[in-house]
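Top line first, the protein sequences correspond to chains A and B.
Mapping to our numbering: the first sequence position 84 is 134, numbers consecutive.
Mapping to our numbering: the second sequence position 246 is 712, numbers consecutive.
Worth double-checking, as some hints may not be accurate.
What the hints assert, rightly or not - Computed cross-link-like contacts, EDC-like style, restricted to lysine to aspartate or glutamate with a CA-CA straight-line distance of at most 16 Å: (1) A/Lys-244 with B/Glu-733; (2) A/Lys-183 with A/Asp-161; (3) A/Lys-85 with B/Glu-1269; (4) A/Lys-195 with A/Glu-210; (5) B/Lys-1088 with B/Glu-1269; (6) B/Lys-1147 with B/Glu-1040.
As the list claims (entries may be wrong) - Covered by chain A, according to a simulated footprint, are these stretches of chain B (three or more residues, beta-carbon under 8 Å): (7) 482 to 493; (8) 681 to 692; (9) 1006 to 1018; (10) 1043 to 1055; (11) 1171 to 1181.
Said to hold, decoys possible - Chain A side only, calculated, beta carbon under 8 Å to chain B, not exhaustive: (12) Ile-147; (13) Ile-190; (14) Leu-204; (15) Ile-243; (16) Gly-257; (17) Ser-258; (18) Gln-280; (19) Val-284.
Quick caveat, the hints were computed from the structure, so don't treat them as lab data.
C-beta: ideal position from N, C-alpha, C; glycine also.
If you want the building blocks of each chain, they are given just below.
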Amino acid sequence: MNYLKFSLFFFFVFFSTTSIAADDPYAEERAAMVKVIERDVRAGYGSLEKDALDEKVNDALGRVPRHEFVPRNIRNSAYENRPLPIGHGQTISQPYIVAIMTNLLQVGKDDRVLEIGTGSGYQIAVLAELVKKAYSIEIIEPLAKQAKDRLQRLGYENIELKIGDGYYGWEDEAPFDAIMVTAAASHIPPPLIKQLKPGGRMLIPVGSRFMVQELLLVQKSESGEVSTRQLLPVAFVPLTGKR
Amino acid sequence: MKLRPPFFSIALLSAAMLAYEILLMRLFSIIQWHHFAYMIISLALLGFGASGTFVSILQKPLFKHFSVAFLINVGLFAVSSVGCFLLAQSIPFNPDEILWDSQQPMRLLGIYLLLALPFFFAANAIAMALTYFHDRVARIYASDLFGAGLGSLSVVALLFIAMPLQALAVIGCIGLLATAVAAWELNVTGRNWVFVALAVISAGLIMLDARSELQMSPYKELSQMLRISGTEIASEHSSPLGLLSVLHSHTIPLRHAPGLSLLASGEPPAQIGVFTDGGGMTAITRETGEPADYAYLDQITSAAPYHLFQPAHVLVLGAGGGSNILQARYHAVPQIDAVELNPQLIKLLREDYADYTGDLLSTGNIRLHEGEARGFVTGTNVQYDLIEVALLDSFAASSAGLYALNESYLYTVEALQDMLKKLQPDGYLAITRWIKLPPRDTLKLFATAVDALTNMGVENPGQQLLFFRSWQTGTLLIKNGVVTETEIAALKKFVTDRSFDVAWYPGIQPGEVNQFNRLAEPYFFQAAAAILGDERAEFFERYKFSLKPATDDRPYFFHFFKWSVLPEIFSLREKGGLPLLEGGYLVLVATLVQALVASVILILLPLFFASKEKRSSNPVSKSRVVTYFLSVGLAFLFIEIAFIQKFILFLHHPLYAVALVLTAFLIFAGLGSGFSWRLVKGGYYRHAITVSVIGIVVLGFLYMLFIGSVFAQFQSLSIAAKIPLTLIMIAPLAFFMGMPFPLALAKLGDIAPNMIPWAWGVNGCASVVSAVLATILAIAIGFNAVIVLALLLYGVAWSSFPERRVSGIQ
Chain A
51 MNYLKFSLFF FFVFFSTTSI AADDPYAEER AAMVKVIERD VRAGYGSLEK DALDEKVNDA
111 LGRVPRHEFV PRNIRNSAYE NRPLPIGHGQ TISQPYIVAI MTNLLQVGKD DRVLEIGTGS
171 GYQIAVLAEL VKKAYSIEII EPLAKQAKDR LQRLGYENIE LKIGDGYYGW EDEAPFDAIM
231 VTAAASHIPP PLIKQLKPGG RMLIPVGSRF MVQELLLVQK SESGEVSTRQ LLPVAFVPLT
291 GKR
Chain B
467 MKLRPPFFSI ALLSAAMLAY EILLMRLFSI IQWHHFAYMI ISLALLGFGA SGTFVSILQK
527 PLFKHFSVAF LINVGLFAVS SVGCFLLAQS IPFNPDEILW DSQQPMRLLG IYLLLALPFF
587 FAANAIAMAL TYFHDRVARI YASDLFGAGL GSLSVVALLF IAMPLQALAV IGCIGLLATA
647 VAAWELNVTG RNWVFVALAV ISAGLIMLDA RSELQMSPYK ELSQMLRISG TEIASEHSSP
707 LGLLSVLHSH TIPLRHAPGL SLLASGEPPA QIGVFTDGGG MTAITRETGE PADYAYLDQI
767 TSAAPYHLFQ PAHVLVLGAG GGSNILQARY HAVPQIDAVE LNPQLIKLLR EDYADYTGDL
827 LSTGNIRLHE GEARGFVTGT NVQYDLIEVA LLDSFAASSA GLYALNESYL YTVEALQDML
887 KKLQPDGYLA ITRWIKLPPR DTLKLFATAV DALTNMGVEN PGQQLLFFRS WQTGTLLIKN
947 GVVTETEIAA LKKFVTDRSF DVAWYPGIQP GEVNQFNRLA EPYFFQAAAA ILGDERAEFF
1007 ERYKFSLKPA TDDRPYFFHF FKWSVLPEIF SLREKGGLPL LEGGYLVLVA TLVQALVASV
1067 ILILLPLFFA SKEKRSSNPV SKSRVVTYFL SVGLAFLFIE IAFIQKFILF LHHPLYAVAL
1127 VLTAFLIFAG LGSGFSWRLV KGGYYRHAIT VSVIGIVVLG FLYMLFIGSV FAQFQSLSIA
1187 AKIPLTLIMI APLAFFMGMP FPLALAKLGD IAPNMIPWAW GVNGCASVVS AVLATILAIA
1247 IGFNAVIVLA LLLYGVAWSS FPERRVSGIQ
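With the hints as constraints, model all of the structure from the sequences given.
This is the structure we're talking about:
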């Protein structure tokens, strides 16, 4: 009888592990990616001189199946620490950049966040792991449709997407605790600043599709004053030490 | 029957080849980016070197059927010029991924190889002709140079009348015409059939070309905009200055207002985007008749001067789509002058979109001049209250360091002095640039202004400078006089009302800086204080980007790269550190390294293939041949490139200066080559090379000493008078420079004709290396030093002129 129990136990353990592996063949790669990001962040990132990501950000990155957000032919590169092309002239950001941007937004589990520029949907999926409700607007129609299908398929019920012009934000759902603007714009749209809650944060990566030059963090104080912080995504000081 | 050299065919072929080289630069600047275009074409030109190797190795079979081989190579040039470009542009190369995607370097190699083919075929034809008719080398080379001169001038005209792809078909057809002329000149049997075949091929080429479209990289600004629904290209206008694409956006407004204050509430009126080569968007803004609609133009850093005083006469350098003109109009400036280089952009404003802009340029108080900014400033007799240098280059290109290899005569110390001289007492010069992180452009600009003021005898430059920034743009104001307390108070109010930050004003306190747009440290203020103080040299040394001001001799304002920082940046590559690389300069260096490696291989290959017997029986020392042709190849282009730069400052138009100087050099060098034929016939090699080298060295030094004062003397002449003057100045130098190459080639023809193709290949490789090396050297040591180096190289060439070995001595 004991033998039978043991066999049954073994049977379930075996099948449950194989079924996890079959469901998510990329689990190991994802865990390795998170480790690489942790290591890089430990070296100190940007002007904030932080040496660790919040645990919950690490967990979120460890949960979102990044390989589902890239074209099938480059899935094997999905967990490499680099940006990848996703078609329509757009990219999915480097995981390290996604990690520090998410960390910089300092979102809480009851927050409502808005993203301008859905792209593949990866960034909003990571945010959705951390907040109550996430909204995202994409201007390129085919991309928006793909992202919508993908996020539905992956079961993200707290994300709402719409196709259109992000300049005016999402008036009906405003204000937001945090806003991420990943779409290129010649300036920060004033309506977005209005839709930011007092005490809220807005983050704008500045640069090209493949390389983020700097991170612009817009902060609205409790009294409504707006200021910005310009951060390098990398620990680099422009002056060498005095000789 | 003895064959006559195909002079006309060679001239036509050379014309087509030079035109093709310039056209490729245009085409790749449109579909890719300028710096990669530069690398691709430089390396494709190694087709010249490869031709030397090829003809060296296969001399016997090629010369057995010379006429047919020549004809086939010219024909293949024609077909491949069109076909290889169309194939190359279909390779999805993305420079941004080159460091981490192993496929990208292979794709780049594929593009090089494809584009090297047309140059290879054309150079084969010329190398074969030079070797086969080795007793008439000098005249063949003269045809080659004449043709090239003609090509450089014609392509400028062609690019004004044809779209880039149409121009490609024209060049292909000229290549076919050269083939037909060759069939006639070489009296090929059955040539009527050749003519028919060529007519059919030309029809095919034209059809293929007409069905093709330029495939712009999906990551260029224009491609990105076209993804948005409701956008369309309304019209395209091509010229050698660039391809202008006019973008209408029917659904979502463009809203182009870089640097807009975070506190601004309005947005711009409707706009039309104008892209140059798919990037660098400038906006044409609709006239609404409502002044308040333009209030956004008061919410950017460049609006500051209008809050310090009321200028009566403003000059805008770089009108673009007209934003700075509108800004001046918004601030009720009575008289506005603006300068724009591109006539097609002016036409858009004046004619095509005249209604759209409410006839902005027909208003009596606004005058738009066609011309180059520096030239206009030097030539004008008007003294302005405010001179504004507009921000026209795109942030994307600027932030990625892509301008590193572009010269700019607008941001040099001398340029700022020229502008300051055209200011009324107490007038202002205002320059706005993008803010990059860590700061670069604006700091170098500040240092440039300090040098300009110091050169003009100002004892305390800091008293005349104001410097402030938003998160996106920084503006430097240089006053022709000491800044007053009232002006400082007005500036403080201006910046505070818009959440901008001051970085410098006379009497600034450290506690006032880095308030609204906070950086880890107040870099801008720290830099300004250091540049004005005693620790300037130490600060330049310690800063991780090069901030030393650009001068007319080293006009590389956008060069910020320092080798010492490369290891640090490379170690940060996976942590988002790559954007810190000033990519443009590294592309230049990568081009040089690749060209050197390929050249060494191409030069050594024929030696490897030569039979033992040939190696030992060669009557000329190979090391002399290689030294001579390397020196001549390097030196010719060093001088040509340095003089093009010098004459840009005189003729003040980059395009016309390049075309004119290049044509003059080639044509007069062609005359020199033709003349050297007479000397060769008399057997006066040694005398001829001595005279030509002495001529080059003496004239070179004279020009270096006196060209500045000659230019100053004749600066105010009209362009029509400057052109013949330029030709007169270039003629004697170019004439002598046309002699060394054919003299040595003719000598080889006498004593070792089988070495001619190899010498041709060595010279071809040297020319490629030279063009890249000249820019790297100019960045490091300036153009004058490049000229001195070239003159020394001519000395080296003189001492290694190929001579027959004295028997018994190896």
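Quick rundown of the hints versus the structure:
1. Of the pairs offered as hints, the one joining A/Lys-244 and B/Glu-733 holds, with about 14 Å between alpha carbons and a cut-off of 16 Å not exceeded.
2. The suggested pairing of A/Lys-183 with A/Asp-161 holds, with an alpha-carbon distance near 7 Å, which does not exceed 16 Å.
3. Our distance criterion of 16 Å between C-alpha atoms is broken by A/Lys-85 and B/Glu-1269, whose separation comes to about 68 Å.
4. A threshold of 16 Å between alpha carbons decides the hint, and for A/Lys-195 with A/Glu-210 the separation of about 12 Å falls inside it, so the pair holds.
5. At roughly 10 Å between alpha-carbon atoms, B/Lys-1088 and B/Glu-1269 fall within 16 Å of each other, so this suggested pair holds.
6. Simply put, B/Lys-1147 and B/Glu-1040 have alpha-carbon atoms about 65 Å apart, too far for the 16 Å limit, and the pair is violated.
7. Under the rule that three or more residues need a Cβ within less than 8 Å of chain A, the assignment of the segment 482 to 493 of chain B is violated, with 0 such residues.
8. By the rule of at least three residues with a Cβ nearer than 8 Å to a Cβ of chain A, the coverage given for the segment 681 to 692 of chain B holds, with 4 such residues.
9. Only residues whose beta carbon comes within less than 8 Å of a beta carbon in chain A count, and the segment 1006 to 1018 of chain B has 4; three or more means the coverage holds.
10. As drawn, the segment 1043 to 1055 of chain B meets chain A at 4 residues by the rule of a beta-carbon pair under 8 Å; at three or more, the given contact holds.
11. Closer than 8 Å: that is the beta-carbon criterion, and the segment 1171 to 1181 of chain B has 0 residues meeting it against chain A, so the requirement of 3 is violated.
12. The beta carbon of A/Ile-147 comes within 6 Å of a beta carbon in chain B, closer than 8 Å, and the hint placing it at the interface holds.
13. A least Cβ separation of about 5 Å between A/Ile-190 and chain B falls short of the 8 Å threshold, and the interface hint therefore holds.
14. This hint is violated: A/Leu-204 has a C-beta 24 Å from the nearest C-beta of chain B, more than the 8 Å allowed.
15. Because the beta carbon of A/Ile-243 sits about 6 Å from the nearest beta carbon in chain B, less than 8 Å, this interface hint is met.
16. Hint on A/Gly-257 holds. Least Cβ distance to chain B is approximately 6 Å, under the 8 Å limit.
17. A cut of 8 Å between beta carbons decides the hint on A/Ser-258: the least distance to chain B is about 6 Å, and the hint holds.
18. For A/Gln-280, the interface hint holds, the least distance from its beta-carbon to any beta-carbon of chain B being 5 Å, beneath 8 Å.
19. The criterion of a C-beta within 8 Å of any C-beta in chain B is met by A/Val-284, whose closest approach is roughly 4 Å, and the hint holds.
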